[in-house]
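Protein chains in written order, with this note's numbering: chain E, 517 to 1159; chain S, 517 to 1159.
Since the hints were made in silico from the structure, they are not lab data.
Computed from a predicted model, the values in this text were never measured in an experiment.
Each hint should be verified, as a subset may be incorrect.
Identical copies carry no separate label here, and so any pair may be met within one copy or between two of them.
[Claimed, not checked] Using 35 Å as the maximum straight-line C-alpha spacing, the simulated DSBU-like pairs for lysine-lysine come out as follows: (1) Lys1130 - Lys623; (2) Lys1049 - Lys999; (3) Lys935 - Lys856; (4) Lys562 - Lys1155; (5) Lys1151 - Lys615; (6) Lys963 - Lys979; (7) Lys1061 - Lys999; (8) Lys806 - Lys692; (9) Lys1049 - Lys963; (10) Lys1086 - Lys1044; (11) Lys935 - Lys806; (12) Lys935 - Lys847; (13) Lys999 - Lys963; (14) Lys1151 - Lys606; (15) Lys547 - Lys1151; (16) Lys562 - Lys615; (17) Lys547 - Lys1044.
Number of protein chains: 2
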Amino acid sequence: MPCFSCWKLDTQPIVRPMVFRKDTRTMLSRKELFKDTLKKAAHAWKRIVELRLTGPEDAQHKPQAFSTIYLFYVGGSKLAEAGMFVPAIKGQGTEEQQKKWLPMAYKFQIIGCYAQTELGHGSNVQGLETTATFDPSTDEFVMHSPTLTSSKWWPGGLGKASTHAVVYARLITEGKDYGIHGFIVQLRSLDDHSPLPGITLGDIGGKFGSGAYNSMDNGVLRFDHVRIPRDQMLMRLSQVTREGKYVHSDVPKQLLYGTMVYVRQTIVADASKALSRAVCIAVRYSAIRKQFGSQAGGPETQVLNYKTQQSRLFPLLASAYAYRFVGQWLKWLYTDVTQKLEAKDYSTLPEAHACTAGLKSVTTSATADAIEECRKLCGGHGYLNSSGLPELFAVYVPACTYEGDNVVLLLQVARFLMKTVAQVATGKQPVGTIAYMGNIQHLMQCKSAVNTAEDWLNPAAIKEVFEARALRMAVNCAQNISKVPSQEEGFSELSPDLLEAAVAHVQLIIVTKFIEKLQEDIPGPGVKEQLQKLCSIYALHLLHKHLGDFLSTGCVTARQGALANEQLGKLYAQVRPNAVALVDAFDYTDHYLGSVLGRYDGDVYPALYEEAWKDPLNETVVPDGYQEHLRPLLKQQLKLSRL
Amino acid sequence: MPCFSCWKLDTQPIVRPMVFRKDTRTMLSRKELFKDTLKKAAHAWKRIVELRLTGPEDAQHKPQAFSTIYLFYVGGSKLAEAGMFVPAIKGQGTEEQQKKWLPMAYKFQIIGCYAQTELGHGSNVQGLETTATFDPSTDEFVMHSPTLTSSKWWPGGLGKASTHAVVYARLITEGKDYGIHGFIVQLRSLDDHSPLPGITLGDIGGKFGSGAYNSMDNGVLRFDHVRIPRDQMLMRLSQVTREGKYVHSDVPKQLLYGTMVYVRQTIVADASKALSRAVCIAVRYSAIRKQFGSQAGGPETQVLNYKTQQSRLFPLLASAYAYRFVGQWLKWLYTDVTQKLEAKDYSTLPEAHACTAGLKSVTTSATADAIEECRKLCGGHGYLNSSGLPELFAVYVPACTYEGDNVVLLLQVARFLMKTVAQVATGKQPVGTIAYMGNIQHLMQCKSAVNTAEDWLNPAAIKEVFEARALRMAVNCAQNISKVPSQEEGFSELSPDLLEAAVAHVQLIIVTKFIEKLQEDIPGPGVKEQLQKLCSIYALHLLHKHLGDFLSTGCVTARQGALANEQLGKLYAQVRPNAVALVDAFDYTDHYLGSVLGRYDGDVYPALYEEAWKDPLNETVVPDGYQEHLRPLLKQQLKLSRL
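Bound conformation, chain E alone (with noise of 0.2 Å):
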């Protein structure tokens, strides 16, 4: 099997044609980016289509391969949007409509983008104002642009290379509006690509970074009274009739929540792959570069031995190991949603969506960060494109807003947690990431019993203090909240607060998986004691970097947090002689990574230095403008104007 993550056959060579060089992507301009992107993206399509992975005998393996396009459309990156035409789809559509669309989309007969964000509307798709008329004299929609903060706006793939899109839009028929519902769109002629009539396209324009999400032609698209077939509305949920009435058809709403689910977990898993690739990078690095600390002209030390730098950085190693096996389990979620959903049993959908919401705010936020401390933590050269770290947080970034704004999503776990609280005193049993709230009176009441450095080494001791933590901070918002005349007006108070206590329910959920991860069998000798140090690294820089939160709720005294400190730095000191190789274990190709930086063989500096002459200000040695602009002002010849 082909692996999609570097482009490799498992058995030697490596097959790696000069079409997938990603060393210069940075260099080129948004137009030479953007063709070179489809040069890719057709290319990873033929090698999928030669390998047979299209086949119906490969299945399992199709959404990695149609993802795959994806993948090399942002460069390193999978957008979320574009791949999220098929699944709006199957999800929203009719069997009859997938049978119709989801083979040519399979096939790439045609190229579809998923439309809903409009240039004055984000988050809230209730607010959107795109118009989808019905009119029962020839059967057809008329879609319809009515203000200039109605044209679609964002969308990846809709500026330039789509051929259809799911277009969201105000349903209206017989004179009223029945709110958002989701239509297929025909944008531009299969012959010509050129655009339909009344429909604009174009790209809305440079966005973060050299490369990164430049390769992707994110749209804007207006329109003006388009037609489209009834028969494109997506029908599973509701239909308009041949009349015009609306009418919902008898499938659960709730069934949609397993794309959500889906979607969100692998957002999750990018995050540890994001993240693992930044830190792989800052650890090699950090192992090769030296500096400080010579003694009498010796050589100076490793960057890494620091243990400023080990502070910084093995948090984050521990973080990326952490979100790979929260990741890990959140597929193991969706598969127990789905087959919950097909049972009809709906009753753990509340919590699987606040925990999924919470994970992707959580993890995409910190990730973010921690790319960009990874390249701090590079110095210098860490600024330069080679070293890859710029483009991979440019590339990065937009995760913390897309498929929910974190803020967003955490206000919707905070919902939740207030929810269950108030269920938890009349009695109900929570169940799944939140049934740690049904062990209300140990958890209001208990203080650590840690007395030893040693003693937080302990998992229980780990996972009581972060229960009690999110338990008390959850519950302090309820007491403020019910102090308040309005239900409503006391959360929208007390959200700041809210939000610190939904990060505190999520990071709870983190520790618990990254621990019970481990009372599994893990192979391979001595593995499972550096997977135990990561843990209690996790954890203990938590608590530490939220230490406000733990003795302000009084389930850890002062003593206990300066102990946590103690053992956290004794734990570095452990993990210090195998943190190169805990990088490695990742196993990224050079290609993969992308960075002279993190390059597997240490070999930095004479990468740096060749690297240096690819860039395109270096193809004369005097520079172009040194006649017209230089030249004048050192001969002091510039021509002055009268004043």
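Based on these hints, arrange chain S on the given structure of chain E.
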């Protein structure tokens, strides 16, 4: 007087030739961008000459005029290194050398850069490898790059523009290595700009962002036995005689500190400027952007009204003001240090050094994070280059690394703190920003008397807990270090804690200077009241963020911490009505801000829409690459190879 930050004359109309347009900079290729920058720099200099800002009568504006060139160089930020050619000669050159070189530099007859860092050596100047070996037979120094890692790497302006450099190298004479010294070296012919024999010059390649520092030719330089006259060694502090004897002059080394204080003061002022730009954009856009909260189809709520938005944004607004005031105070400190140096009074130097190092570190780190937070606070649109925020971030972040890596600087502050703690124990009275440590008896034992949320509005209550926290953290570190047999080892072991103690000390300085500023007269009705609220927000958000410090050192109780948080919420509500006025007060022109989201007129959406069409990708409706790659894919005509 023209204003250099916005390039307009005080008298209307605004004179802004098209040469200074910035809106398309992120769309240019590297070569175009660099050429455009040369054009801007040459034109800026032409205007400076025309406006007669170079004459002796304008001496006080000279450094400002000079730095304006560099301002255009990197599109909004000043480059410390490129700007340090002149200060280096001023500080380390003899009077004769200054007389010879400075007038040429001032007139741009030569362009100089500051070549210190090497491929393998950054912060540790003593580790540099470039050699300058004196040859008494010709009365010359031989400049040489003995290894790959000794290549000069990073100096701004070195790659393409500079004709000269101050090069730092190991001085070797009579077979002995006398360590690092500065040398003025001509790099390029003044006739045709080609590199002189034995000199290799190039650009080090692309950097973070689309425009940002890519307009700057950070360079690489290698010497192959290049000879320069002996009198081009900077000889103010030490000389090499005609015979090759190394002699120290009687000029005290401390004089160099003046330059360092000056440079760091400008960096703190720049932090305030960059932060206030980002905050201005985010506040204005948050007042325009609406989302959620609509009741029955009514308008949505301004994002700025959400408590979560306020709790993230207003502390940054307060920080922008805090940094501005501490920056102003640093200007005074620079004058004070200069006067004392002239009077040969070096007593306050260690304190001034620690204080400027710490402020540089804390303000730049916080500003880099804050710009990115402001970008996130603008939602998806903040990711567009037209928001101005990606470039502002990319151009700003190097400030965390250059002029002393922020972690290295904090460790210097920590060393000073440990020294002061030891001295206080012997009864010595500390001065300046560390004077509070003299109050050790009280500060080690005091407990905050705060009893209501409003009590936290009292500056004395704030100052007391910030002093107690900083002192106790420093004393804690000192005690823990003393438990380790070797002092040096103890310092290294405890360095992560020492960083935190240093941050606590620096935050106290910023809080104190804000409070002191408000004891002065502030013109304008109601202005002082608004600033007082911002001062409280600045201090209390730090207290909340670092609650663990305050609780674990015992100067604040959990209840008092909760009261601080409660007061913070009230302050946000009070600042909300004036938030837009408080950013308008920065008085930035739209041209200077360079952000469609931060427009003064708030007409954001038409501007976003219009800006999109400028992208080169929109030059054609059907993208380049359609015929070659997209059409064959869609038409199922990709030619498959036989496997």
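How the hints compare with the structure:
no.: 1; hint: Lys1130 - Lys623; in the structure: between (37 Å within a copy, 33 Å between copies)
no.: 2; hint: Lys1049 - Lys999; in the structure: between (43 Å within a copy, 25 Å between copies)
no.: 3; hint: Lys935 - Lys856; in the structure: within (22 Å within a copy, 65 Å between copies)
no.: 4; hint: Lys562 - Lys1155; in the structure: between (58 Å within a copy, 8 Å between copies)
no.: 5; hint: Lys1151 - Lys615; in the structure: between (73 Å within a copy, 20 Å between copies)
no.: 6; hint: Lys963 - Lys979; in the structure: both (12 Å within a copy, 32 Å between copies)
no.: 7; hint: Lys1061 - Lys999; in the structure: both (30 Å within a copy, 25 Å between copies)
no.: 8; hint: Lys806 - Lys692; in the structure: between (70 Å within a copy, 25 Å between copies)
no.: 9; hint: Lys1049 - Lys963; in the structure: within (24 Å within a copy, 38 Å between copies)
no.: 10; hint: Lys1086 - Lys1044; in the structure: within (18 Å within a copy, 49 Å between copies)
no.: 11; hint: Lys935 - Lys806; in the structure: between (53 Å within a copy, 27 Å between copies)
no.: 12; hint: Lys935 - Lys847; in the structure: within (26 Å within a copy, 54 Å between copies)
no.: 13; hint: Lys999 - Lys963; in the structure: both (27 Å within a copy, 29 Å between copies)
no.: 14; hint: Lys1151 - Lys606; in the structure: between (69 Å within a copy, 24 Å between copies)
no.: 15; hint: Lys547 - Lys1151; in the structure: between (38 Å within a copy, 23 Å between copies)
no.: 16; hint: Lys562 - Lys615; in the structure: within (24 Å within a copy, 68 Å between copies)
no.: 17; hint: Lys547 - Lys1044; in the structure: neither (49 Å within a copy, 52 Å between copies)
In terms of the numbered hints stated before, the structure departs from hint 17 and from no other.
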